[in-house]
Structures are given as structure tokens and as C-alpha cells.
Amino acid sequence: MVMFSAVCLAAIWFLMPAAALAQNSECSTVMAPMRDGTRLATDVYVPRAQGSGPFPVILTRTPYNKGNCDSQRAEYFAARGYVVMIQDERGRHESEGVYYWLRDEGWGERRDGYDTIEWAAIQPYSNGKIGTMGASFTCANQFLTAPTRPPHLEAMFCDEYSANSYRDVFWPGGALHMVLPTWLLTQGEMVKPLRANVPGHSGYLGSVDAWNSWYGDHVEAENDFTASMFSDMYNDLIGNPYYNDYWRQLAVDERWGDIDVPIYHLGGWYDRHIHGTVAHYNGILSDGGERARAAQKLIVGPWTHGGATRGNPRVGALTFTGSTIDYNGLRLRWFDYHLKGIDNGVMDEPPVRIYIMGENVWRDEMEFPLSRQVETSFYLTTGPTNSVDSLNDGLLQSEMPGEGMPDRYEYDPARPVPTMGGDLFVQPSGAQDNRIADQQSLTYTTEPLEEDIEVTGFSRVELFASSSAVDTDWVVTLVDVHPSGFAQHLRQTLLRARYRDGDEEPVLMEPGVIYPFTIGIHPIANVFKKGHRIRLTVTSSSFPKWYPNGNTGNEMLDDRPGVIATNTIYHDSEHPSRLVLPVIPRR
1 MVMFSAVCLA
11 AIWFLMPAAA
21 LAQNSECSTV
31 MAPMRDGTRL
41 ATDVYVPRAQ
51 GSGPFPVILT
61 RTPYNKGNCD
71 SQRAEYFAAR
81 GYVVMIQDER
91 GRHESEGVYY
101 WLRDEGWGER
111 RDGYDTIEWA
121 AIQPYSNGKI
131 GTMGASFTCA
141 NQFLTAPTRP
151 PHLEAMFCDE
161 YSANSYRDVF
171 WPGGALHMVL
181 PTWLLTQGEM
191 VKPLRANVPG
201 HSGYLGSVDA
211 WNSWYGDHVE
221 AENDFTASMF
231 SDMYNDLIGN
241 PYYNDYWRQL
251 AVDERWGDID
261 VPIYHLGGWY
271 DRHIHGTVAH
281 YNGILSDGGE
291 RARAAQKLIV
301 GPWTHGGATR
311 GNPRVGALTF
321 TGSTIDYNGL
331 RLRWFDYHLK
341 GIDNGVMDEP
351 PVRIYIMGEN
361 VWRDEMEFPL
371 SRQVETSFYL
381 TTGPTNSVDS
391 LNDGLLQSEM
401 PGEGMPDRYE
411 YDPARPVPTM
421 GGDLFVQPSG
431 AQDNRIADQQ
441 SLTYTTEPLE
451 EDIEVTGFSR
461 VELFASSSAV
471 DTDWVVTLVD
481 VHPSGFAQHL
491 RQTLLRARYR
501 DGDEEPVLME
511 PGVIYPFTIG
521 IHPIANVFKK
531 GHRIRLTVTS
541 SSFPKWYPNG
551 NTGNEMLDDR
561 PGVIATNTIY
571 HDSEHPSRLV
581 LPVIPRR
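In the numbering used here, the protein residues as written are 1 to 587.
It is possible that some hints are incorrect.
Simulated restraints on C-beta separations [as the list claims (entries may be wrong)]:
#1 G341 to N65: 56 to 66 Å
#2 D232 to E403: 54 to 64 Å
#3 P33 to E510: 55 to 65 Å
What the hints contain is simulated information worked out from the structure, not anything from laboratory work. Ideal Cβ positions, reconstructed from N, Cα and C, are used throughout, including at glycine.
Let the hints inform the model, and build the full structure from the sequences given.
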């Protein structure tokens, strides 16, 4: 049975039970007034043993239930001289108003983030210095608030959220990420025991029927969901499959220039928000205000979503030695410097710290991506490599291909290729064995490496391809093949063919015509060790990560039952399909 960790992982973290409540603080629930008169329920933890104050304040705003004065996290910071506030967002749990995801957090008519920070600053126990922290949606809240520049916001610590909700979260590459319907359904039915019944790998390896049945049964059977506010959000999100003004109103990456606050960015190589984490760091470092440009930090470990908080070096099927961190200690140093003025050296350290998988070491850098990277091409060509029982067992090589026959496969949207790990929002995620997916896909694999190759940064795939259909998806997976045959899933990306020229005005294909496609792969840091192989897997689906393309060219709700497509990958001198990797010279 699948463990539901998804999108609601932040809920688990923010609702950690306390071993002993109120040891270090006095906690009370206060209704904080917003500019329109709506009141938001806020648990306020005031330190017990730190004198009479006033104190700096650390704020978290969450849709997942503030926890009714039972937060271990709050106790940790209260014991160190901070007031901690945890607030239910508008329309959630004990707060008043109507909930609509992210709408009221930023620069719109209602500015709940701004109003809460400025309210916190004038409370009698507050010294007027406010910091914010949180992961996933509670990180999104921070990034939406930051461009409004609350005068008393002094520092942020943000874990794992994207810079552009359309491109990185809900419609990455133009396909619906299954995080959307699953999150809305489970949030709409928070009181119902759905999580134990999400279909597992055994339920979706062969087809989407099990998932559709589970999802459809709950939506149709539970009138409280279909009649709730979450159905409105679902309709809006599904009804805007292209990048348009609906998504621009939530796009932080179009407002980096308005941000002027120190931010510590935390991400994971196996987190689905890693592109946004790195984009936020670089975008604010480049375009932000003077104070922001001088104080941006980035740390990336080998974690899945929320993995930095777990203190477990095992990520999926592999153990990454030394990867755990003192998570609360890291945040404390950041806030001590910016909210208390303690010169603890945090700003004297290199701005970037990344974990290099394969070598399993941490490394400090002055930038990311690294300017010393060398773009290195690996061309797709005919095999065999005798390393995998795939549809073609093709070869990856450094030489340009000569003449050669293309590789073809049939893609049936009713029988998608399963997602095997990576940044999947249900378990198993992380460093999983990709061989089941490889066997149902085209693969292109190098010979065993004669020396270590470090790949750190953004990769891309340049495909020359055609389809018998007017639309289809291209899914590429970067894999580290161990000598044992274990095929370590590293990163996976999708491009819907109609979005090959951009995501604002889709253009369908002409069947049989060869088109060039450039597919960006989100960043990774991995050393392919001597004796390992580099593999690129190419297919047209990955379920339940993305909802399968029906190949008809219609919008999603009119795209069923779909048609079977014959898809072709070309790799000859006129069509040199290739994988381009950011190789770091070995020191």
C-alpha cells in the first residue's frame, strides 16, 4: 500500500505532536484582524524563561491546521528567546473567511501575509523584528508576501516551493501533475480516511483504471467535496491549461525585483520544487533589492519533499552517508543573525552548500549552477549495450551519429509507464530502481565509464522526433546505472509536444513530420562512478506523476479515451538527438 506523502507532507510536519506541551512558552490562540475585518486564528507562543521581552517573532502561516498550541517546533524556538506564531490561513480550520489557495497571501486585494506581519510587529511581546519560516505551501505563502515588502519583515527561511506555480507545480511541461487533483481532493475531505486507500504501485502499473476508479468514486460519492470551495479551485486550475493571466497573478518569478529581504533557501535533489528553489535563489540574487542581493543562501541535499526535517540518510532505496543536517539549528543561526543581531558567522560562509550524490559529500560553492561546468554531449544511437531489457537497448556515445534507423514505440494512454521514484508525490519516491520503467521505454546507455564523471547543474535533452498523432508527450529520465544493474532514478522531465514553442500558445503537430524538441532537466548533483553507466530513458508517460496525454490534441477533459500513438526518435547525422550534461572537471 502506498504511503501518502505528497503534497500534504507539510501537514505532517506542521502538526508534529509535542512530547510535553508549553514547557518553554505560554501559548494562547488569538484572532488576528486583516484589512477587510476577517480574523485569522493564530497560536502565539511567548517564551516563559527569557525575561519579560520584548522578543523577535517567527511566523508560519498554514492551510494544514496550526495545531492548537501543540507544536514542538514552536517550543524549540521559544526556549531560545523567540515568540512563535502559527496561523490558520483564511478560511481554514479556526480562521474566518473563504479559502482559495494562494490568492490572499500576496499582492492582491487582500494581503493576509502583510497584515499578519505588521499586526505581529505591534504586539506588546514583540520587538518589531519578524521572521517567517515554513515548507511547501507555507513556503509559498512567504514568497507571495515578500514582494509586498512588509516594513517589519527581517528574514525568511523557505523550504521547497516553486517560483512559478503553473510551470513548476501544476502543469510542468504542459501536462497536468497529479499533485493537483490529489491535493484538492484530500484537502476537501480532510476528515475522511482517504490516505490509507490511495492505490499503490500494484494498482497502477498496468493502467490508469485503478487510480481513476479511486478518484472518481470519492469525488462522486462525497457531495461535500464537489460542493465545496475546493471544487471551484479545481475548475479554475483545470480550466487554465496554458500560461495566462490567471497564473501570472501568482507568479513570484515575475516579481523578484520587489523582494528585499534576506532569505535562506532549502531544497532537495529529489524534491519536485528543486527548480523553483534554485530559481528563487538566483532570481532574487540578480533582481532583488539591495538588502536581498547581499543576503541569499542556498542549501540542497539528496532529499525528497520534506526530507531535510526527517534526519534520515536513507532516501528511497539508497543511503546517502552524512546527508542529515541539524535542521532547527540551521534555522536558528539564520534568525539569530538577522533578528537578534548575533554575529555567529552565518554570513561569512559560502552562500551555496550542495550534497554531491555518488561521492556522498557536502561541498561549499560560491554559485549555482557552477561557472566551471563543461557542457558535454552524449548522442543517441543504435546499440546494443546488453545492459537492459528495454524496447531498443540503444547506446549513448560522445561521437556524432552516422546513418542509422530510428527507434519507434507505441504509446497507449490507457497503459502508461509507471513512475519509479524521483520526485513522485506518493511513495516510493527518491532514489528508486528505474528498471521496470526502463523495460517499457526506449533506453540509451553508455558503456561502463572508465573514470568518474560529475554532473552538477541543469541538463537538457535535444530530441528529433515525430508522432502518428497530433499531440503526445515526451518523458525523459536521467539514470545512474550501477554495476549491479540497479538503475538509480535521478531526474525526470516531461514536455508536451504542443508546447514545443512555448506554453502560452500551443501548436499541434502534423503527423509524421520530424520536429526538434528541447527538454530541460531540473538540476542534480551526482558523480557517476567509474564502472557505472549513464542512461537516458525516453517514453511518453509517467504515471501517476502526470496524467497521461490522450494524443488527440483536445483539452484534458475531452481527451479520453484517447488514441494509440506511434512515436519515433531519430538519431542520425541529420537528426543528432543528444543528452547535454553539465560536467564538472575533476580537481
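Evaluation of the provided hints:
{"no.": "1", "hint": "G341 to N65: 56 to 66 Å", "verdict": "34 Å, violated"}
{"no.": "2", "hint": "D232 to E403: 54 to 64 Å", "verdict": "56 Å, holds"}
{"no.": "3", "hint": "P33 to E510: 55 to 65 Å", "verdict": "59 Å, holds"}
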